[in-house]
Every structure is written in structure tokens, then in C-alpha cells.
Amino acid sequence: MTDLDERAVTRPAMRIIGTDVPRKEDDRLLRGAGQFVDDVNRAHVVEMAVGRCPYPHARIRSIDVQAARELDGVYDILTGADIAERSEPIGILRPVPGAPVITHYALAQDTATYEGQPVVSVAARTRHIAEDAVELIAIDYEPLPHISDVDAALAPGATVIQPDALEDNLLVCNPQGRGDVEARLAEADVVVEGRFVVNRVTGLPMETRGVLAEWQPGARMLTARVSTQSPQLVRKQLAECLRLDEGHVRVVASDVGGGFGLKLGAYPEDVLAGLHAMTLRRPVKYVEDRLEHFRATTHARESVHVYRIGARADGRIVGMTDAYVNDLGGLNSPFGSSQLSTVVFNGPYKVEDGFVERRIAVTNKTPIGAYRGYGQPEVNFAYERLMDTLARRLDLDPVELRAMNMVQPEDFPWVNPVGAIYDSGDYEACLRMAADAVDYQARRAAGRGPAPDGRYRGVGFSSYVERTGYASSKFLAARGSLFGAHESVTIRANRSGGIDLYSGVSSIGQGSETVFAQMLSEVVGISYDAITLHHGDTGNSPLNTGAFASRTVIAAAGALLEAGDRFLAKTLRIAARKLEVDPAQLELVGTVVRMRADHGVSVSLAEVFTGAILGQGMPDGESPGLDETAYFEPPEAAYSFGTAAATVSVDAETGEFTIEKLVMVHDCGTPLNPKLVEGQVRGGLTQGLGQALGEELRYDPESGQLVNGTMLDYFVPTAADLPPIELGHTEVASPVTTFGVRGAGEVGCIPVAAAVANAICDALAEFGVELDRLPITPELVWRALEAGRAG
Amino acid sequence: MVVTVVVNGTRVTETIPTRLSVTDFLRHRLGLTGTHVGCEQGVCGMCTVVLDGEAVKSCLMYAAQLDGHEVETVESLGDGDALSPLQQAFKSEHGLQCGFCTPAFLMTATALARGGEPLTREEIREELAGVLCRCTGYEFIVNAVERHLGARPGAADD
Ligand code: FES
Ligand code: FES
Numbered sequence: 001m002t003d004l005d006e007r008a009v010t011r012p013a014m015r016i017i018g019t020d021v022p023r024k025e026d027d028r029l030l031r032g033a034g035q036f037v038d039d040v041n042r043a044h045v046v047e048m049a050v051g052r053c054p055y056p057h058a059r060i061r062s063i064d065v066q067a068a069r070e071l072d073g074v075y076d077i078l079t080g081a082d083i084a085e086r087s088e089p090i091g092i093l094r095p096v097p098g099a100p101v102i103t104h105y106a107l108a109q110d111t112a113t114y115e116g117q118p119v120v121s122v123a124a125r126t127r128h129i130a131e132d133a134v135e136l137i138a139i140d141y142e143p144l145p146h147i148s149d150v151d152a153a154l155a156p157g158a159t160v161i162q163p164d165a166l167e168d169n170l171l172v173c174n175p176q177g178r179g180d181v182e183a184r185l186a187e188a189d190v191v192v193e194g195r196f197v198v199n200r201v202t203g204l205p206m207e208t209r210g211v212l213a214e215w216q217p218g219a220r221m222l223t224a225r226v227s228t229q230s231p232q233l234v235r236k237q238l239a240e241c242l243r244l245d246e247g248h249v250r251v252v253a254s255d256v257g258g259g260f261g262l263k264l265g266a267y268p269e270d271v272l273a274g275l276h277a278m279t280l281r282r283p284v285k286y287v288e289d290r291l292e293h294f295r296a297t298t299h300a301r302e303s304v305h306v307y308r309i310g311a312r313a314d315g316r317i318v319g320m321t322d323a324y325v326n327d328l329g330g331l332n333s334p335f336g337s338s339q340l341s342t343v344v345f346n347g348p349y350k351v352e353d354g355f356v357e358r359r360i361a362v363t364n365k366t367p368i369g370a371y372r373g374y375g376q377p378e379v380n381f382a383y384e385r386l387m388d389t390l391a392r393r394l395d396l397d398p399v400e401l402r403a404m405n406m407v408q409p410e411d412f413p414w415v416n417p418v419g420a421i422y423d424s425g426d427y428e429a430c431l432r433m434a435a436d437a438v439d440y441q442a443r444r445a446a447g448r449g450p451a452p453d454g455r456y457r458g459v460g461f462s463s464y465v466e467r468t469g470y471a472s473s474k475f476l477a478a479r480g481s482l483f484g485a486h487e488s489v490t491i492r493a494n495r496s497g498g499i500d501l502y503s504g505v506s507s508i509g510q511g512s513e514t515v516f517a518q519m520l521s522e523v524v525g526i527s528y529d530a531i532t533l534h535h536g537d538t539g540n541s542p543l544n545t546g547a548f549a550s551r552t553v554i555a556a557a558g559a560l561l562e563a564g565d566r567f568l569a570k571t572l573r574i575a576a577r578k579l580e581v582d583p584a585q586l587e588l589v590g591t592v593v594r595m596r597a598d599h600g601v602s603v604s605l606a607e608v609f610t611g612a613i614l615g616q617g618m619p620d621g622e623s624p625g626l627d628e629t630a631y632f633e634p635p636e637a638a639y640s641f642g643t644a645a646a647t648v649s650v651d652a653e654t655g656e657f658t659i660e661k662l663v664m665v666h667d668c669g670t671p672l673n674p675k676l677v678e679g680q681v682r683g684g685l686t687q688g689l690g691q692a693l694g695e696e697l698r699y700d701p702e703s704g705q706l707v708n709g710t711m712l713d714y715f716v717p718t719a720a721d722l723p724p725i726e727l728g729h730t731e732v733a734s735p736v737t738t739f740g741v742r743g744a745g746e747v748g749c750i751p752v753a754a755a756v757a758n759a760i761c762d763a764l765a766e767f768g769v770e771l772d773r774l775p776i777t778p779e780l781v782w783r784a785l786e787a788g789r790a791g
Numbered sequence: 001m002v003v004t005v006v007v008n009g010t011r012v013t014e015t016i017p018t019r020l021s022v023t024d025f026l027r028h029r030l031g032l033t034g035t036h037v038g039c040e041q042g043v044c045g046m047c048t049v050v051l052d053g054e055a056v057k058s059c060l061m062y063a064a065q066l067d068g069h070e071v072e073t074v075e076s077l078g079d080g081d082a083l084s085p086l087q088q089a090f091k092s093e094h095g096l097q098c099g100f101c102t103p104a105f106l107m108t109a110t111a112l113a114r115g116g117e118p119l120t121r122e123e124i125r126e127e128l129a130g131v132l133c134r135c136t137g138y139e140f141i142v143n144a145v146e147r148h149l150g151a152r153p154g155a156a157d158d
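Protein sequences, first through last, are from chains L and G. Take 1 as the starting number for the first sequence in the working numbering and just add one per residue. Take 1 as the starting number for the second sequence in the working numbering and just add one per residue.
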């Protein structure tokens, strides 16, 4: 074990952490030499196509595969019956506390509960042939009554969608809170209430999902290349589903073309490809097309929040409640619906008495799963819209109302009404910076009413906290989650004098290869260029959790620090033998170990590492090799925070509006690589804008069909759609994490919609406009204007 | 049928089925997997390549239409291990995250640079709007292209 004091002397303060080193990932990606699933091919590969239920809810009366089997080039066909016989159901990784388990297999059994659910699967010489074969399979469906919204799902007498597991369509109701909130609201001078509808959207990574499965008989070894954020979790699930020992499954995720939460856990197609490969003893490839992606990859966000805030006349909040319903879709996907709306339901506001209740409803839609921020953008839209309503009701400045209620630096650690421990921060500082960035005082002084160009201008704010990382594995265990809060690394010396760094995290664009190398370089002192990353391969990585919930860096930092410290200490001991000095006199800098006092006395890392690998350079009593593995779990989650501000101009006749400027001031603690942080925040903001302004998966209530499930019909922001965006940040190091980091990957998504909505409502305050649903289209604004004028 | 086409400066002649798209031709026949597929509908732009100097969406074309033409893909950029100035601009400006869209932006920018027209930042945004990126929020991509076209300070450092 390394002595901490010695470490402090050995290591100069922060050389590479906090700098914008170029990314390790870039060179291969810029050459088009990334290894996304479909870029990898194998001799004798077979391609797979999946037949999907065309109805939102249907009984499968019979399946006739005869004609398809006879098609030239068709090698294998799987139906629901084969699946039930040859595989286990796909397990849930993040169960909902108190909820019954809805069992689902890779192919629908007697009943399909959403449009796009896999029903049959074909492996054939080419994808074209496999698709033709799917067309030839005759399936007799009996369409059943379908439900496409949560109110209908929870109405008395509604058709029960999952009768084997549930008596009605309520999966579970989870209430949580502290204090006597109803009493507080009864005493309050004012109580505002709103019902907020959050749209169903999709993360839409540019690379669709894919899998290449290879089976080695005899060894009974399945190797699956999967486009996933969590190779180790997929390995666990595939082993379970396919009845294999975990040692016989290897999952590899080389380059992943975006994840955003959608690529978590095993999907049915991963299991199907594995089964076909085991039968055919040939590699099987499946790459989802975009039309399938819209129906078969998890959707996100859809929920309805009924929120109440009670306050005194001076603006002090006395209680908050949120009752919300999540739309689960037709079954519980491995990650299912999020609890994070509950965890941060009070946002950055210091509320002693608060109560929140989550209900989850089953409907006949594509299952819901994780998506960037996962529960937090949804609830932020509710409480931040309502904060503005409260300000107007009390005739208070919305910025001052927020500031007066925020948790203040001296309050930390602060425990919110559901037990979340906010670690540290200066929430008000971000708010003030955002206000300055939009010249708030000048705008306020200018007064209301139309500008000379006839347009109405407004400014809106949204402040948030985000839980990044997980509180602990114990916390996860209490909720039944089948993954831990930790990350892990293995670092190993090589004979070139470099370090091989192994991590189970897959590279989904977040830049972890770069940031991991930065941290290791910081800890050990070895040059950044001498570190080679090996990632996302369960065949060589220590067991880990995966790239999600802005958690990887937070947890991996601790593992790197621990492994790096041990590695450095041993390196110095080996070098000390060679140089015949005391280890305390040495330091590792770049590619050499040298005397602190006399830099001319040195030995190269190549020599030290070779000595260790051969075992011939070791001090007495020291074991050969130079190889350290460490696991780390942070003691608590670290809460990111910030404020977004938007300025808009609106045409009060048509509802057409323009975002003139969008500002985001955020705090992610110590930024390890500021440019990467900015990239993450901008990317998140753009997805948040998409959700705010246009993205929405629409279902036709009559047919229950997804009506805009193509790239042509689903709005995604392009380079030309973005308003001017300005970023700012504060830097309060988190006391609960290594290097003081907080997550930064998801914050951009959280506050945008509320900031834009608040700005529009501010501009149109004299018309009594209140926006309570997403996306905010000109039509929605126009309707709100009409409603305001009428009422 | 048989097509003869110059791909990244090399003449190739291949026998192909009529329903083969240019994207599949490049990826699966020639192993040029840098050209990606995101929608096969002409919307996402992942499959963008340069055809006779113009950026086109290769998923909307049949390989048969290439006969007698010249195609450039992302694999043509750079010289051995050295990145081209355009690629270097993307790296310096952090113009990529997952990198799935990157070849398409590089080829769009390659065609833009050939045009030789000075472009404003707004015009660059419009020109790039045919390719989607779900990771970056575009700002740094626009910076990279602007830098490459010479309008952004820093171009000299590359
Ligand atoms: S693959 Fe989307 S435009 Fe060609
Ligand atoms: S970098 Fe991921 S889609 Fe553009």
C-alpha cells in the first residue's frame, strides 16, 4: 500500500488533468477505420432478419413457416415455441421496487404487446433472402383491443395487457416523502398546481443496434460483438438466456456509434443471433435498419407529472408534491422506467416537506428504457414551469424566487425529502451567472410589451440538480438492481515501456479512452502517449458496470488512482534496485524513472518494465510482473447542477417564435478535459432542444400504430437549426469523488425545455399564456394564446 | 452487370447485381467501411461520399450508376499515418464524439472546399445540414470546417 504522504510528494499537482489533450479515439475514427459492428465481417457469415408484430396488441393464433423454409438460401427459422424451449426469458437489470416481474422472451409467445415486437427470426445467406423469407411466414394474428395512453391504461375496466403478471395495467405505485406536506400546503399563502405532459422520444443514435455472433462448438464459446454501452451486463444476460456458463460468453463492443442509454442490456436480437449461431455453427450478423430502430429500440421520457408547490407570500417554499405516471410500454425492458424523477423531484430547492409518488402504467407501445438524464428532464420541466407560475402569482422576480429557495453552500451535505444527499455546490452562483449572460437586469428594466418590430420578447430560466453516478452498490442492492456502482481497471506494464490499460467501458463517444489515459498519466507520471487503451471487451477487462448515468469517470477515477498508486510504488522499487538508491529518492516522469536530486541518474521505463516482466529485475522478496487491478465505488453520488437561460422573440398572432440565445451555466466539479466536457454539454443541449422543440413519437389513437417512425417524419435538429448557444461554468470540487469530479454527460438535456417554455410564457405573460406540454411548437403556442385570450 | 469506376484514385471493375446500392458496394464489395449507413432513406447523411466532386448520399444510388464515374470516400483522406489538414481540423476542434457521422461530415467538407467559395458561418451551417450528428451539437464541427476553409483563426497551426 502506498503511503498517501509519499504520494503527495511524488506527484506534481495536476499536470494533465484539466487540459485539452487530443483524443485517443480520433485517429481511427477520422480515417473511417472505427470498428462498428457492421464494419466487422467474417467468412461464411449468415444474416438475420426479424419478423415483427404489425399490431399494437395481438394474439398469435398460428405461425406457418413452411414456405419460408423452402426458399433457397434460408438456413434457420426461430419462432416463439423454439425460444421458450431453448432459452430463458430476458431478465430485468434494474427492477422497479415492489413491482411484479413481467416475463418476456426474445420472441413473443402467445401474445404480442407492442407493434414491432419480434415474433419470428430467420437466418439466411443474405439479409435480402432473410427478409423475403420473413414475408413468406404466414402468421395468423387476432388483433386485441389496444391502449396507447396512460389514462386509458389506468381507467377502470381497461383491457389488461399483461394478465399473467398483473391484475390491471398499473405495474406499481411507489410513494416516498418526508414531513406532513399536506399540512404545509394547507397553511401556505399560495399553492400553484400544474399537469405537465412530457413527450415520448427516442435517443436515435446514428448507428443503429447490431450484433455479430460466433459460436465455437466443443469449446462451447459464444463471442458476440454487440453495439452496447454495457458489455459485461450483456454477457451476463446472454449467458443466462442461452443457458451457457458465463465463462463461455465473450461480448465485445469496439466502437459504438452513440448510445444515450438506449444501448443498455441485452435486446431480443442479441439472443436470437446467438441461438442461430449455435444452431448453424456459422457467424450470424444482424444490423437493425432504421425503420426497425424506431419500433424495436427502447423509447423514452413519456410521462405525466401533476405537481404542486406551496409557498408563503414572501416566496419561501413550504412544500412540494409530484404525482407522476410513467408509460412503460408493452413490457418491462431490462432498464425500464427511471426512478430519477423521484430522486431529484425538488430540484435545487431546499424543501423540508415533500412528497412524490410514481405510478407506472403498461400500454401497447414500444417499451421504455434509459435515455440521457433518464427521468430528470421530465421532472425539471414540471417544477421549473411551476416556479415561474408561482413567481407570477406572487408578483416576484423569478430569479429572486429561485435564489431565495436554493440550497446554499453552507447547507451541504443536504438531504432531500426522499433521502438523496446533495454533496456540495453553489447553485445560486450558476443562476446569477446565467442571468448576467442574458443581460437580465437590462431586460427587466426595458419592461414588457411588443418591441418596435412588433414581436414580444421574453426570458426564461431553468435550474436543476442532476444525480450523476450511483450512491453505492448497497443502495442499488436495496432496489434489486443487478449491477454495482463501481468501476474497475487493470493496468499492465509492457516491454516497450508503456502501460496497457484495460477497462470494460465501451467507447460510445464520451471520450473515456482519452480521459482514462489522462487520469493514469496524472497518477503514475507516465506520458499520455505511452498509454494504450483496451476497452469494451469482456475477454480482457475486469468486471465492471458500463457507460451510463454519467457514472463512468466518477467511479473509474478512484480505481485508476488506487491501481496507479500501487503500480507506481512497485515501479519505483524496481528502479531503485537498478539504480541502487532508495525508492523515496526517485520519481517517474514521462518515460523514465530518475533521481529527484540528479536528473542525470535515470533508467528507462522500458528497462524497468522488461525487468519486471522477465522477473529478472526484481528486488528480493518482490513478486515478478507489474500488473494491478483495482475496483472502486464512490461513497455517494455527486450531484451536478446549473441553470439554463433562454431569450426568445414571439409573434403574438401566429405563435411563431425564435430562440435568440441559449445560455447554460453548469458545474461538473473538476473538469478533466474541458473541451470534452463542453462537447458533452453541447451534445446534450442539442438533444434537449430536440425534445423541447419537435421530437415526438406519435401514436394514432385509432390504430395504435406509430405514425412517424421514419427518419423522414421524426424531427432531429441539424446544424442549421440551433440558436446561438453560450456556455459558462463554475467549479466546485465534489467532496465525495476522486479528483472532485461530477458527471457531465447528461446535464445538457435537463433544463432546456423548461427554459424555453418559461421564456415564451414570459414574453406572452400579458396574454395569460401557460405552456404545459412538450414539444413546444408554434401551433402549441398559438393554441395557448387562443386559450389565454378566451379565458 | 459490370461497372467500372474510379474509387479513391484506383480503377475497379466489378460484376454486381442491379439492386446493389453504392453504400453496400463500397462497404461490402470494396471493404471501404468508413462510409456508414444510418437510414437508407437519404435523410441522415451518414453515407455521404464525393461523386465527381459533389457530395452525394450513396444510399440513394445504385452501384450500376457509378459506371464511368469517380468516387471518393473517407479512406482517401490523409497520407499514410498522417491526417489531412481537414481531418486535423476536426481533431483540433473536437469535431467528433462517437465518430459515426464523421466520415460524412469530412466528405461534405471536402466537396465544400473544392468549391473554393468563401462561406459565412451561417452558410456552413446550411451546407452541413444534410448530415446529422446526434452527439456533438454541431458547434465544433462547424468550427472545424470553418477553420479548414480558412476563415477561422488557428488554421495556420495545423
Ligand atoms: S444512410 Fe441515411 S442518408 Fe444514406
Ligand atoms: S459524433 Fe456521434 S453522431 Fe456525430
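Mixed in with the good hints, there may be bad ones.
Stated by the list, open to error - Label pairs and their computed distance ranges (CB to CB):
#	chain 1	residue 1	chain 2	residue 2	range
1	G	Glu14	L	Asp72	58 to 64 Å
2	L	Arg42	G	Glu14	47 to 53 Å
3	L	Gly98	G	Pro17	39 to 45 Å
4	L	Lys474	G	Pro17	46 to 52 Å
5	G	Pro85	L	Asp439	49 to 55 Å
Unchecked claim - Coverage of chain L stretches by chain G, computed from C-beta distances (three or more under 8 Å per stretch; other residues unrestricted):
#	region
6	377 to 388
7	551 to 562
8	573 to 579
9	683 to 691
10	695 to 707
11	720 to 726
Note that these hints are calculated values from the structure, not bench results. Beta carbons: idealized from backbone N, C-alpha and C, even for Gly.
Per-stretch coverage check for the region 695 to 707 of chain L, three Cβ contacts closer than 8 Å to chain G
The restraint on the region 695 to 707 of chain L is violated, since only 0 of its residues have a Cβ under 8 Å from chain G and three are required.
Check of the region 573 to 579 of chain L against chain G for coverage (Cβ-Cβ below 8 Å, three residues minimum):
violated (count 0)
Taking the Cβ atom of Pro85 (chain G) and the Cβ atom of Asp439 (chain L), is their distance within the range 49 to 55 Å?
39 Å, violated
In this structure, is the beta-carbon distance linking Lys474 (chain L) and Pro17 (chain G) contained in 46 to 52 Å?
59 Å, violated
Gly98 (chain L) paired with Pro17 (chain G), Cβ distance criterion 39 to 45 Å:
Distance hint for Gly98 (chain L), Pro17 (chain G) is violated at roughly 56 Å.
Please verify the coverage claim for the region 720 to 726 of chain L: does it have three or more residues whose C-beta sits within 8 Å of some C-beta in chain G?
Coverage by chain G holds here, the residue count being 4 at a Cβ distance below 8 Å.
Cβ separation of Glu14 (chain G) and Asp72 (chain L), checked against the hinted range 58 to 64 Å:
23 Å, violated
Can you tell me if the region 377 to 388 of chain L counts as covered by chain G, using C-beta to C-beta distances under 8 Å and a minimum of three residues?
Per the Cβ count (0), the hint is violated.
Count the residues of the region 683 to 691 of chain L with a beta-carbon closer than 8 Å to any beta-carbon of chain G: does the count reach three?
holds (count 5)
Counting residues of the region 551 to 562 of chain L with a beta carbon closer than 8 Å to any beta carbon of chain G, are there 3 or more?
violated (count 0)
Taking the Cβ atom of Arg42 (chain L) and the Cβ atom of Glu14 (chain G), is their distance within the range 47 to 53 Å?
21 Å, violated
Hint check: violations occur at hints 1, 2, 3, 4, 5, 6, 7, 8 and 10; the rest are consistent with the structure.
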